[in-house]
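If you want the building blocks of each chain, they are given just below.
2 protein chains.
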Amino acid sequence: MHLAENIDKKKSKWTIGVDLGGTKISVGLINETGKIEQYLKIPTQAEQGQKETINRIKQSIYQIIELNNLKIGGIAGIGIGAPGPVDYQRGIVHCAPNLPGWTEVPLADIMRKEFPIPIKVENDANAAAWGEKIFGVARGIDELVCLTLGTGIGGGLILCGEIYHGKNFVAGEIGHMVVNKIGPRCNCGKNGCLEAYSSAAGIRDRISKRIASLKSQPDNQKFLNIYNLENIGLAQIFELARQGNMIVKDIVEEAIEYLGIAIISLVNILNPEMVILLGGIANEGEKLLNPIKEIVFQGAMSSHLPDLKIVLGKLGVFAGVIGAAALLWEHQKYYTLNKKGGPHGQSCFKECD
Amino acid sequence: MHLAENIDKKKSKWTIGVDLGGTKISVGLINETGKIEQYLKIPTQAEQGQKETINRIKQSIYQIIELNNLKIGGIAGIGIGAPGPVDYQRGIVHCAPNLPGWTEVPLADIMRKEFPIPIKVENDANAAAWGEKIFGVARGIDELVCLTLGTGIGGGLILCGEIYHGKNFVAGEIGHMVVNKIGPRCNCGKNGCLEAYSSAAGIRDRISKRIASLKSQPDNQKFLNIYNLENIGLAQIFELARQGNMIVKDIVEEAIEYLGIAIISLVNILNPEMVILLGGIANEGEKLLNPIKEIVFQGAMSSHLPDLKIVLGKLGVFAGVIGAAALLWEHQKYYTLNKKGGPHGQSCFKECD
Chain Y
660 MHLAENIDKK
670 KSKWTIGVDL
680 GGTKISVGLI
690 NETGKIEQYL
700 KIPTQAEQGQ
710 KETINRIKQS
720 IYQIIELNNL
730 KIGGIAGIGI
740 GAPGPVDYQR
750 GIVHCAPNLP
760 GWTEVPLADI
770 MRKEFPIPIK
780 VENDANAAAW
790 GEKIFGVARG
800 IDELVCLTLG
810 TGIGGGLILC
820 GEIYHGKNFV
830 AGEIGHMVVN
840 KIGPRCNCGK
850 NGCLEAYSSA
860 AGIRDRISKR
870 IASLKSQPDN
880 QKFLNIYNLE
890 NIGLAQIFEL
900 ARQGNMIVKD
910 IVEEAIEYLG
920 IAIISLVNIL
930 NPEMVILLGG
940 IANEGEKLLN
950 PIKEIVFQGA
960 MSSHLPDLKI
970 VLGKLGVFAG
980 VIGAAALLWE
990 HQKYYTLNKK
1000 GGPHGQSCFK
1010 ECD
Chain X
660 MHLAENIDKK
670 KSKWTIGVDL
680 GGTKISVGLI
690 NETGKIEQYL
700 KIPTQAEQGQ
710 KETINRIKQS
720 IYQIIELNNL
730 KIGGIAGIGI
740 GAPGPVDYQR
750 GIVHCAPNLP
760 GWTEVPLADI
770 MRKEFPIPIK
780 VENDANAAAW
790 GEKIFGVARG
800 IDELVCLTLG
810 TGIGGGLILC
820 GEIYHGKNFV
830 AGEIGHMVVN
840 KIGPRCNCGK
850 NGCLEAYSSA
860 AGIRDRISKR
870 IASLKSQPDN
880 QKFLNIYNLE
890 NIGLAQIFEL
900 ARQGNMIVKD
910 IVEEAIEYLG
920 IAIISLVNIL
930 NPEMVILLGG
940 IANEGEKLLN
950 PIKEIVFQGA
960 MSSHLPDLKI
970 VLGKLGVFAG
980 VIGAAALLWE
990 HQKYYTLNKK
1000 GGPHGQSCFK
1010 ECD
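Protein chains in written order, with this note's numbering: chain Y, 660 to 1012; chain X, 660 to 1012.
Hints are computed from structural coordinates only; laboratory data are not their basis. A portion of the hints provided could be inaccurate.
Identical copies carry no separate label here, and so any pair may be met within one copy or between two of them.
Said to hold, decoys possible - Listed next, the in silico PhoX-like pairs over lysine-lysine satisfying Cα-Cα at most 25 angstroms (straight line):
hint : residue 1 : residue 2
1    : 874       : 672
2    : 683       : 973
3    : 849       : 968
4    : 717       : 683
5    : 868       : 840
6    : 710       : 952
7    : 946       : 840
8    : 840       : 968
9    : 868       : 849
10   : 946       : 694
11   : 952       : 849
12   : 946       : 968
13   : 946       : 717
14   : 908       : 840
With the rest of the complex left out, here is chain Y (with noise of 0.2 angstroms):
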């Protein structure tokens, strides 16, 4: 009887959440607030093929499950994100940019195969988001727009206090909402995208490409000091940018400009009540924030403004993970109270009241 006890209370405390990376699998051991017990991180080994990936994974739940004196049936369930557009209902990735063969991968069957308890798979980028609501910065916020500044930038979106997926899972390209039609190609293959502008990718992109201009033009022994931008870090880019540099001022004081014109859109398009900043990027702070503040609450429709927070994302980098995990707290947790009015009052969506 003890011991039952003990699994039950473990049942509704422990999740785990995996992050799928096309270089790196995340998993944790995530306890009922959304804290990390157990942390691992491995190569994803991408090259080996799908199976051998969830095998990877599988041996890390595994490992993890034994480091903590756990048993499968202990863990309430497996949140997974993975990258690229996710069939969330039926737990299927449709595909993924950074792993190659992972095509129409039922993901969700695979795991229950050798976990019999529930399993949730999700795009990565909705998975921040929700981690962001349920454990994080949003909690008890039913509107908001999550963005994950990276080396590209994707998105989350929370509508009604639920994940948005659109007509074909894809729905959260914030980073090709197109913000100068004549800016510079993005990895899309289109032009000006808000990726080319202010994503990790994009700054670097722009600086090698000014410095290759600098280099073919005689008589630029002055910037031969700056060849080393290249190889430098993103935050040593943004300090010297503050610092006045003159080949990075400009590329870096545009990346954020043009984040707050595409946060200004997606404000007036669907008057959030949170925007939320994850990512690389993001570890800028509020030295990013501050600006970026700035030119949305001057820039964005005053009837949209009285309740819009414009915040940093509170999980950091293991927004993955948290927010994988999260994604088994929708019906166990979150909903029921929703469904009985609390604590997130009463849905938005009329059918659902």
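Dock chain X against chain Y, hints included.
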């Protein structure tokens, strides 16, 4: 018995739609297929105040009922589309830019005192979008963006089969997406909004400014014949542009191009199944639709295109009244069917499954 049966039948058949505008009030008697049986249009006379405008609405409704030998009990309900943000749950018009004195008007309650039948109040662009869903081009479509291209540019979002309102009931301000940060001044006071390029007012304003600039130049005699451009209709402006008129050509081309670019961003953010163009500019028909389609299908992400349809609205100038009347169908027909699993299939919000 026979009479009672008649009334019951009528009750499920007839609704009244009211489109409340800054200068005109349109009232229509609409049957269960969305067809207009009777249509009245009267001046709003907004300058006489809120009470008088509401009296005019009431009188028009009585008039339409009498003209059709109906009684108020034979009407299933009254739907009202109002400009500006509307709290649709409580039927309150928060404010209406073109209706002086309209602040926090409990329009549904006021109307309910006069007419003891169901009353729905919605933002007019949302109502138009809903009309297209229930009675127009978007039957069976649950993810759509509707653009109203008139003097200004408005929008209605239908997401997961529901009108999406946002936190402050002001979602869908598509006209104030920023498409060019150094673009022309918009009526909202900011620069480079879509509305400044692609609305009727925006196009006219840009033409006027160009003419003023030409007039100020010496040797401008060759342009004298174009001064009339300020007084001709929008259809003529578009026709002149197609003929290569050097004053209007690039202004109209940019209006179309920026509209296409804004739709690319909307598609990438929201992944809708349908984008609907409504309003005066949409009267251009295929001549507007085809270049827009070309821009969007080349510029949006391929993952977002498999189900995408870009179409003209079907309800035309009657989208306002038909859409307002369609609001009554949300619980009575559409949702009942939806909850049973048809005709629109499973809701995409899990809690509603």
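Notebook entry, point to check: Can you tell me if residue 840 and residue 968 fall within 25 angstroms by alpha carbon in one copy, between copies, both or neither?
Noted result: Only across copies: residue 840 and residue 968 sit 23 angstroms apart there, 29 angstroms inside one copy, limit 25 angstroms.
Check: Given a CA cutoff of 25 angstroms, do residue 952 and residue 849 count as a within-copy pair, a between-copy pair, both, or neither?
Finding: Result: close only across copies, 16 angstroms inter versus 28 angstroms intra.
Next item on the list: Measure nothing new, just compare the shortest in-copy and cross-copy C-alpha distances for residue 946 and residue 840 to 25 angstroms and report within, between, both or neither.
Entry: Between. Shortest inter-copy distance 22 angstroms satisfies the 25 angstroms Cα cut-off; intra-copy 28 angstroms does not.
Notebook entry, point to check: Is it within a copy, between copies, both, or neither that the alpha carbon of residue 683 lies no farther than 25 angstroms from that of residue 973?
Noted result: Cα proximity of residue 683 and residue 973: one copy only (21 angstroms, versus 50 angstroms across).
Check: With identical chains treated as interchangeable, where does the CA-CA distance between residue 710 and residue 952 reach 25 angstroms or less: within a copy, between copies, both, or neither?
Finding: neither (45 angstroms within a copy, 41 angstroms between copies)
Check: Given identical chains, is residue 868 near residue 849, meaning Cα to Cα at most 25 angstroms, within a copy, between copies, both, or neither?
Finding: Within one copy only: 17 angstroms inside a chain, 32 angstroms across chains, cut-off 25 angstroms.
Next item on the list: Please work out whether the CA atoms of residue 717 and residue 683 approach to 25 angstroms or closer within one copy, between two copies, in both situations, or in neither?
Entry: within (14 angstroms within a copy, 66 angstroms between copies)
Next item on the list: Could you place residue 874 and residue 672 in one of the four classes (within, between, both, neither) given a Cα distance threshold of 25 angstroms?
Entry: neither (58 angstroms within a copy, 75 angstroms between copies)
Check: Checking residue 946 and residue 717: alpha-carbon separation at most 25 angstroms within a copy, between copies, both or neither?
Finding: The answer is neither: 40 angstroms in one copy and 56 angstroms across copies each exceed 25 angstroms.
Margin query: Cα distance capped at 25 angstroms. Does residue 946 pair with residue 694 within a copy, between copies, both, or neither?
Written below: Neither, since 27 angstroms and 57 angstroms both go past 25 angstroms.
Notebook entry, point to check: Taking 25 angstroms as the upper bound on the Cα-Cα distance, should residue 868 and residue 840 be classified as within, between, both, or neither?
Noted result: both (19 angstroms within a copy, 23 angstroms between copies)
Margin query: Cα distance capped at 25 angstroms. Does residue 946 pair with residue 968 within a copy, between copies, both, or neither?
Written below: within (16 angstroms within a copy, 42 angstroms between copies)
Violated hints, in rising order: 1, 6, 10 and 13; the structure is consistent with all others.
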